[in-house]
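K.L.:
The residues making up each chain are set out below.
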Amino acid sequence: MLAAFSSHSCRGPDVFANCIDRFRALFLSILLLSCLAVPALAGPFEDSVAKFANDEFSDTEAAVGEIAASGNALASPIISALQDGRLSADPDSKKVFITQTDGKIVDATTGAAVDKLPDNAAAVRLNNRLRRTVEAALGGLTLLSPDPAKRLAAAQSVFKSHEENLLPTVESALAKESVKSIKQAFAEARAAIILFKSDASDSDKLDAVAVVKARGDQEALALLTGLGDQPALVTKAAASAVSSIQSNLAMWSMVQNAWYGLSLGSVLLLAAIGLAITFGVMGVINMAHGEMVMLGAYTTFVVQEVIRTRYPALFDYSLLIAVPLAFLVAGFIGVLIERTIIRFLYGRPLETLLATWGLSLVLQQAVRTAFGPTNREVGNPSWMSGAFELGQITITYNRLWILCFTLAVFAILLAMLRYTALGLEMRAVTQNRRMAASMGIATSRVDALTFGLGSGIAGIAGVALSQIDNVSPNLGQSYIIDSFMVVVFGGVGNLWGTLVGAFTLGIANKFLEPVAGAVLGKIAILVLIILFIQKRPRGLFALKGRAVEA
Amino acid sequence: MLTQLTHGIATMTRRRALAATAGLVLGLAASSPFAPAQAADDTIKVGILHSLSGTMAISETTLKDTILFLIDEQNKKGGVLGKKLEPVVVDPASNWPLFAEKARELITKDKVAVVFGCWTSVSRKSVLPVFKELNNILFYPVQYEGEESERNVFYTGAAPNQQAIPAVDYLMKEEKVKRWVLAGTDYVYPRTTNKILEAYLKSKGVAQDDIMINYTPFGHSDWQTIVADIKKFGSAGKKTAVVSTINGDANVPFYKELGNQGIKATDIPVVAFSVGEEELAGIDTKPLLGHLAAWNYFESIKTPANEKFIKEWQAYTKNPKRVTNDPMEAHYIGFNMWVKAVEKVKSTDPDKVIDALPGIEAPNLTGGTSKMLPNHHITKPVFIGEIKGNGQFDVVWKTPGLVAGDAWSKELEGSKDLIGDWVGKKCGNYNTKTNKCGGQGS
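Protein sequence lines, in the order shown, are assigned to chains H and L.
Just so you know, we're using this note's numbering here: the first sequence kicks off at 10 and counts up by one.
Just so you know, we're using this note's numbering here: the second sequence kicks off at 628 and counts up by one.
What the hints contain is simulated information worked out from the structure, not anything from laboratory work.
Quantities reported herein were computed from a predicted structural model and do not represent experimental measurements.
The list that follows gives simulated cross-link-like pairs (lysine to aspartate or glutamate, EDC-like), each with its CA atoms no further than 16 angstroms apart:
#1 Lys948(L) with Glu314(H)
#2 Lys891(L) with Glu228(H)
#3 Lys1015(L) with Asp93(H)
Modelling step: build the complete structure from the supplied sequences, incorporating the hints.
P.N.:
Here it is in structure tokens:
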């Protein structure tokens, strides 16, 4: 078998496709052999490892199969290094090296430590098909690993690959397993194998269907819908399991929509909250609001650049450092704008609109000149990457953190307006400027600070938005319309209105989107707002009393 | 309130664009090394019509730099016909009507011999009448939806059969994909490409139920629902892939959401037609490992020509990290074809150059020679690359030879009988069934 294989050269893209099936067959038979505990037939282990140095996908695939079957103690470290891109090969000497997770380098065939990689060594390349092969091979190798996390990952990869030959290994692993959640995963992996095993008995298969049905997620659904030809009884059980999983998932998708709505609402709120101050409270039609958000995002980028080059260990704290800085940068520029432009335009909304729009272009082009027109990379700290499963929905950490962060910013702002002297002065000035002035409040100073506060908060929003959107000079533009929509809908001059407005629009949008599509959904929301404004021109929560006249 | 606002925005766009353009052109004129131009008779003027401000600046600024770089290199070799080339840069500011105005300005006021420019199809459509009326030449370097062949335009980017169709073939053969999500931004290129792909997939026996088509607005940033939908669509027990014609800025949040929701390329691969090295420069690509892109060029392709190009480009821009991408290569090919054609007819007269261009060959950067075809499209190789952790692509597949660009898609009912032939038939939409010039697009 092996001789037959090696006599055929599978190099070059043309013959690539023809070879796949042969490799798959080869791979299966090797796994079978290894499961039967027959001593390795793959020839010298070194020869297999040296294949990695050929830089051909077909050779790499062959090497993975042979190494997985070799039973060598180094097999699992080599393949996991391959998966993580830590396996390098020197094309000249055909030597292969593992860079261990602690940075040490060892020779892959002997395990002996090496000082440094040869100059020509390059990481062994993978493509998607190989990555699946590697995952499956590793799954087979680590089913009995002492590390519980690896066992769980192995069980899950076997559930996906349902490789028939792994059944004995899975069963022995299942018998030995003491951790409940992993035992469950093994049971599911075993069920998946049995479902695809042609000679399994009907009753075994029915049990397997029940196990997979109990798992109840999308992968279970994928497995059951992809069963293919089965005995009639099993097909029927699978069909009923599919419909029960589907109806369960449909219920969860409502929960999911609600969560997505909250999350979109939090982004809208975050973007709009600064505008709720500059436009809502002060009445300045501030078209440059989006650019303040952009400046905050660029502050985050600069902070991360400095951290990357100087203090890489601090990377996870980069956002915490960026928040106050972004507030200061955007706030300072806000004060500057108010002092130099906007204070001359109070009471002239059209001129303000034009001036701030022009300003937004100046700021955009300034940033474009300073940082270049292309996107800048802002990384996600580890605590903002990835997701977790809650029931049958996936909640991503970055969205969750942004929701928490938005609510915190909102609460702080509310408290500030209510309990601090500056907050009192702000409310006094915006509600009745002349009265406030006669009470001895320096109204122009308060104006500058209020505008600075609104801009600073927009800057903070930029820090959070840099985590989910592009950091480019156009960042602000995409939020300005949404922000105005939220503030106008919620009711000008009312922070609570902005909060309710943002979440209402977010949730409405997310429930419309699956039905109408993203484009129509957005249009529908716009139309609904226009209709709503016709009915209630002052938004959801209109200010009442004398403040309205001011 | 809202109407007031919208009105304000509408009126402002124009002013904004004009102001920005004026500022930029002044700035460029002052900073350009070519500013103290020789007397106009000693030089051949080359127009550059790419947005340097506004939404499209992100992609187009690089192309402006590319042409400046190519002109610089050509001048070092002594220019063309013994004359130096002189670039004339204008900024249409991502504003489609302004593209037409600026094109007119380039041709009538600056008297350029040729224009390299445009990115979006709508900008190309906006300048078309100008180029026809004033009889000048436009080189268009971006992959587009096809269904066009104009006498005055040379299309050096990929037509759908040079990018989309081979990519789908690859997924079908190598990844055994049975279920397809066609996701795109809502405008003409994705819509036409998806129409062609849908027809192609159906001709290959894919059922309607196994195709999901999804459009999103420009700059869409909240991808949660759509990514969840893709996940759901992918859990039907058949291998699923996403074919993405999502454009520009929307890609970063889309890929971030994919990464965060844990959709790996080994489960549901995404093949993109608008994501290249430049776009990836703004993302941490580790979660995207293995997702695919189809292009006619990748920076990572190792050929002597490409290595030389990258080295000289990085030296010219004084930035050792500056990446190269597919539309840049298209300009490289187009520019060299134009130079060859001009040298062949010993004139920059547009009529002569237009007639000389079909049949002209110029080397591409991936080791082959591209040829200008009678339909004003070129022959190109097609590569499929997988995203690597460092923001580059690893080529996993390529077409055996060069693919000739089809102006009119063979998959669509309305255009399958049409051909563009500016050599024999002198017609951009010749109907081979009725043997008449004219039909769709005339």
